[in-house]
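Engineer: Read off the chains here:
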Amino acid sequence: MNISDLSKQIEVIYEESLKVFKAASSSKNLYDLKVEFLGKKGKLSLLMGLMSKLPNQDKPKFGSLINVKKKLLEEAYTEYKTKLDLIDLNKKLDQEYLDMSLPGKEIETGALHPIQKVSENIVNIFSRLGFSVRTGNLIEKDYYNFEALNIPKDHPSRDMQDTFYIDDNHVLRTHTSPIQIHTLETEKAPLRIIGLGSVFRSDSDISHSPNFYQIEGLLVEKKVSMANLKGTVSFFVKEFFGKELKTRFRPSFFPFTEPSAEVDCQCSSCMGSGCSLCGQTGWIEIGGCGLVNPKVLKLSNVNKDTENNETDWQAYAFGFGIERMAILKYGIKSIRFFNQNDIRFLSQFK
Amino acid sequence: MKISFNWLSEYIDLDNFKSNSNELGKKLTDVGLEVEGIEDQKKAWENVVVAKIITKKAHPNADRLSLCQVKVGAETLQIVCGAKNHKEGDWVVAALPGANLPGDFLIKKSKLRGELSCGMLCSEEELGLNKTMDGILILQKEDLKKEESLQEGKNWSDYKNLSDSIFDINITPNRTDCLSHFGIARELSCVLDKTLKKDFPAKTISDKFSAFPIKIEKSNLNLGYSGCVVKNVKIKESPKWLKQRLASVGVKSINNVVDVTNFVMWELGQPMHAFDLQKVNKEINIRKAKKGESLVTLDNKNIEFKGGELIIANESSPIALAGIIGGLDSGVNKDTQDIFIESAYFSPSDIRKTAKVFGIQTDSSDRFSKGSDSSILLQALNRACELIKDLAQAEVEKDIFYHKPPQINNEKINITQKFLEDKLGYSVNMKDFDKWIKALGCQLKVSSSESREVVAPIFRKDLCQPVDLLEEYARLNGYDKIPEVLPSFTGGPGKHNDYYLQNTRLANLCKNAGLLQAINYHFTNSIFQKEFLEFDLLHKTKDLKKYSTYMGGDPVSVLNPLSGDLNVMRLSLLPGLFQNLIHNYNHNQKLGNLFELGTVFNKQENNYNEQNFLSLISWGNKETLWDKSKSPLVFELKGRVESLLKSLNISFKWKVIKDLNLCPDFLHPKRSLALQIRGKLVGYLGDLHPMLLQKHKIRLNVSLAEFNTDLFNLAPTICDSNILTGKYPSVTRDLSVLCLKTLLSEDINQLIKKVAGKDCISCRVFDIYEPKDKEKLSITFRLVVQNSEKTYSEEDLQLLQANIFKNLSDKLGVEIPSS
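Top to bottom, those sequences are chains E and D. Here our numbering is used: the first residue of the first sequence is 109, the next is one more, and so on. Here our numbering is used: the first residue of the second sequence is 74, the next is one more, and so on.
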């Protein structure tokens, strides 16, 4: 037995081994072949056993020869195994095929009513100016709905608001302003509050609902001016519509404010150039406001008289219709939609 | 209020605005007289022309129609006409394609029974005129003569001299001085800085009035009364100019005398009345009506007095409801010879009350109840007398009756530059202030360079505080001068109130739970509400109290509802949500989930309670098996509610309603639950009663729930750290039992938990199986246990399981399957 014979045998086993590795049909089969050739009792290991019969000077040479082949075969094994694993994996993946065009398991998405959404939106804007929300009862005493707001009994300004009565002394509040009076009576100035909620007018047609929503603000400070009021409303308009829209005041009359103004904002749809939404005027009426009438501040004991003393509290107030704001913001075509609660309508306000 | 441009031009020079009425409208709006619309008469009659009928032939296919060749200018058009009163050579009025007649009647070219018609020949009614002849309007010879330049094709508005612009102005209740043409002109003279063209002299006060006695009951303190006699009036049609003035503000012409009284009201704002002197019969009494007296009013309605209403009476009976409407009998008619003309001032609140009681609203009552100008009586009287003298060839008697109204002069108002500047937020030039205030007719005294003493004229009763003058200055100076400055704040940070915080939190949680928010009216139809809440086949007479177990009160009615559909405040949100369901169902929305957060109302004696409810309604099943879950719809709703309550950290308990008397009628008696929080009933959940579904023809499952959110007490979140520190793993065991269908799964669950004791992490129904032929049900519970001292071994579990099964079978009679 000499080294060249053994070398030949190694070569034969090596070649054979490469051939069968390559031909292996699966990674299991390949593993079995690996055991057959490279295992402890494998063909290559058996050759290793013959080393003792070689002369001493040939032993290292033979050892390194067989190790080189062994290493090469192991590399070959890894290579083929990777390939076969990939095939197996692909087979498994194929078996796990799903029609991914099938619909997702239906999980309902809810929605807030546009009135709720717009209310929260408006409150968030005024919160940044330090205003906080107050609410109140919907069945209100005549005094809080009218008289405390400088609307005496048998006064023509009562005709401005068609009123639902519950009894001689109780009405369904015609505006959110009674909230102001309750706050003025129970909390101390200075104040910045937002009154929010449902109001009622006995008036129903294509553009009027008998039960709608209002939001209003009241600020009480030692110094309050029309400029402050316009600054506040103008800030709100820009934030609410997210556009640089101009704000315009027009003289008007409300019994509880003097001076009073109607608030117009530039039409958000045409940016003031005139369109069907704003009736070609470029402006849209959004609410009313004014400096709180000194008579109102006296009636609710904020000031002791109406003499406009230097130390007196002063106040401004403003109010908007929430449906109107929603109509402008979302392009809702009719007030009818607000109370129909058609799910096709509601589900649009995610 | 309607204001005519042409009429207005009689008092103030408006030539600058002649071809630009919009500009004048803008000026008015800018000072607070909001112009809501402008009707341009020229535009309104576009494509309506005077025409001559050249030939008239029978329509070949219709007996009642005729074919007319009509000359409408250079061209001749064929128009099919259905009237019979016209002939060849007649002058008529033709509406050509593009014309828009009153009532939004658009004229188009069309074919009538196969013949082309290029427009329409108009009747008087179609032109908005009073009807004097049948068929179409044939222009009469005398009309034609006046029109020297009559031509075919001449525009109808030119022919009729309709070149006015009518402003529709929204006069706010404080500006009673602007309820007339002269009033608006006066305001414009200030705004445009122009002098008025006309003034109105007052009738001279005479020493005596001898025609007949006029007595004023002493109690009528706030009253002014003037009048005089005009003899030999010739009652006839009014002249064209007067008719046109009245027509422009929408007032119908009656006769020359009545028209003058109306004209003066629209001119000066002072309501006038003319009585037939014969019917005044010896005397006039201005007094309170007595109970039982009655009056037939001008519009032929009989009113019965309750007593106390202010009336004008003759010797024996009422002849007018003072300041509101005259009597039919004492009115001016074609046989009237002598008249008494009244110009008065009545207390606004008296007129308001009386007009409201009888439900009568007239132009007169409207002006008196808002507060008329008490200083103008004699000017108006003089104006009316002069016009009647002129138009009815009458003799005006010299003596007049005059009871002076209480002339309350406006009080002095002191105002300073600092006040103006502080409140407006910009610097004020006092010269401008003086200019505007004087232009308004105020008396002005300069007390110092920065302070003024002002007295407003009587017709501006609304100017009584410094802020009123401030507004006058600001609006005349222009609201656009007000700068925009955010206010500084001296207060501390505020806090939203609890209701708002809870409401928004609930709304957003419900939204995140996949529900759509509904908002319904707070009032509803009382019958629908009753029949929903109280639905019960056998106990029809029960009152609503049963549903009030947790509300405890009667429904609140609206005294003056708009309709029966909205006549009672809602007791519950569910009837409204059910109506929404019906709407959606009828619009083919067969699957949906709605919630509503809102106020419900009830009363106890005379206290009105408002409570805040949360209600939910779900209908329909998932349409596809792919999406469907195994448990019935009502458990989906229950799950949503549970997750909502857990999100709010509320500890709650469901109670199966076993006593039928405690189950609301609208719920399915075998599928209903009550919710308890801290032992208090807070609401209900269940399926809708099948009879309600049947009644409204709804073929779906409907589940609903309603809770009083005022009783939700939100607990703060507290972190339980022990849950993370258990050293030993938890183990899971499924326990299957067989039990009668009537046994509550929750009772079994509770017992399992009790036996497992403090080791129990959770126990929940895992599966339910219902064998077809058996009365029993197989329920599997999934129990999770964990011990703090050691790992649960299989033996421990066996022991626990045996203990649980023993307890279940001993206490609940549950069978343990042998498997």
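Simulated from the structure, these hints should not be mistaken for laboratory data. Careful: at least some of the hints might be erroneous.
Unchecked claim - Distance condition first, Cα-Cα at most 25 Å in a straight line; then the derived DSS-like pairs of lysine-lysine:
no., chain 1, residue 1, chain 2, residue 2
1, D, 731, D, 711
2, E, 249, D, 270
3, D, 491, E, 261
4, E, 458, D, 711
5, E, 412, D, 711
6, D, 99, D, 125
7, D, 879, D, 826
Stated by the list, open to error - Partial selection, computed: residues in chain D whose CB lies under 7 Å from chain E:
no., residue
8, 140
9, 381
10, 544
11, 548
Even for Gly, the Cβ is constructed at its ideal location relative to N, Cα and C.
Engineer: Would you check the hint for residue 412 (chain E) and residue 711 (chain D), treating anything up to 25 Å between C-alpha atoms as holding?
Structural biologist: Roughly 56 Å between the alpha carbons, so the hint for residue 412 (chain E) and residue 711 (chain D) is violated.
Engineer: For a C-alpha distance cap of 25 Å, please report whether residue 99 (chain D) and residue 125 (chain D) respect it.
Structural biologist: Not OK: residue 99 (chain D) and residue 125 (chain D) at ~41 Å, beyond 25 Å, violated.
Engineer: Straight-line Cα separation of residue 731 (chain D) and residue 711 (chain D) no greater than 25 Å?
Structural biologist: Given that 25 Å is the threshold and the Cα spacing comes to 18 Å, the pair holds.
Engineer: Does the structure keep residue 879 (chain D) and residue 826 (chain D) at a Cα separation of 25 Å or less?
Structural biologist: The hint holds at about 14 Å.
Engineer: Is the shortest C-beta separation between residue 381 (chain D) and chain E less than 7 Å?
Structural biologist: With Cβ-Cβ at 14 Å, over 7 Å, it is violated.
Engineer: Does the alpha-carbon distance linking residue 249 (chain E) and residue 270 (chain D) stay inside the 25 Å limit?
Structural biologist: Violated - the C-alpha atoms of residue 270 (chain D) and residue 249 (chain E) are around 50 Å apart, more than 25 Å.
Engineer: Compare the distance between the alpha carbons of residue 491 (chain D) and residue 261 (chain E) with 25 Å, and conclude whether the hinted pair is satisfied.
Structural biologist: 35 Å, violated
Engineer: Can the hint on residue 548 (chain D) be confirmed by a CB-to-CB distance to chain E that is less than 7 Å?
Structural biologist: 4 Å, holds
Engineer: Does residue 711 (chain D) lie within 25 Å of residue 458 (chain E) when you go C-alpha to C-alpha?
Structural biologist: It holds: about 23 Å lies between the C-alpha atoms, which stays within 25 Å.
Engineer: So, residue 544 (chain D) near chain E? Judge it on the closest CB pair being under 7 Å.
Structural biologist: 3 Å, holds
Engineer: Less than 7 Å between beta-carbons is the criterion; does residue 140 (chain D) satisfy it with respect to chain E?
Structural biologist: At 41 Å from the nearest chain E Cβ, residue 140 (chain D) fails the 7 Å test, so the hint is violated.
The structure fails hints 2, 3, 5, 6, 8, 9 (numbered hints given earlier, in ascending order).
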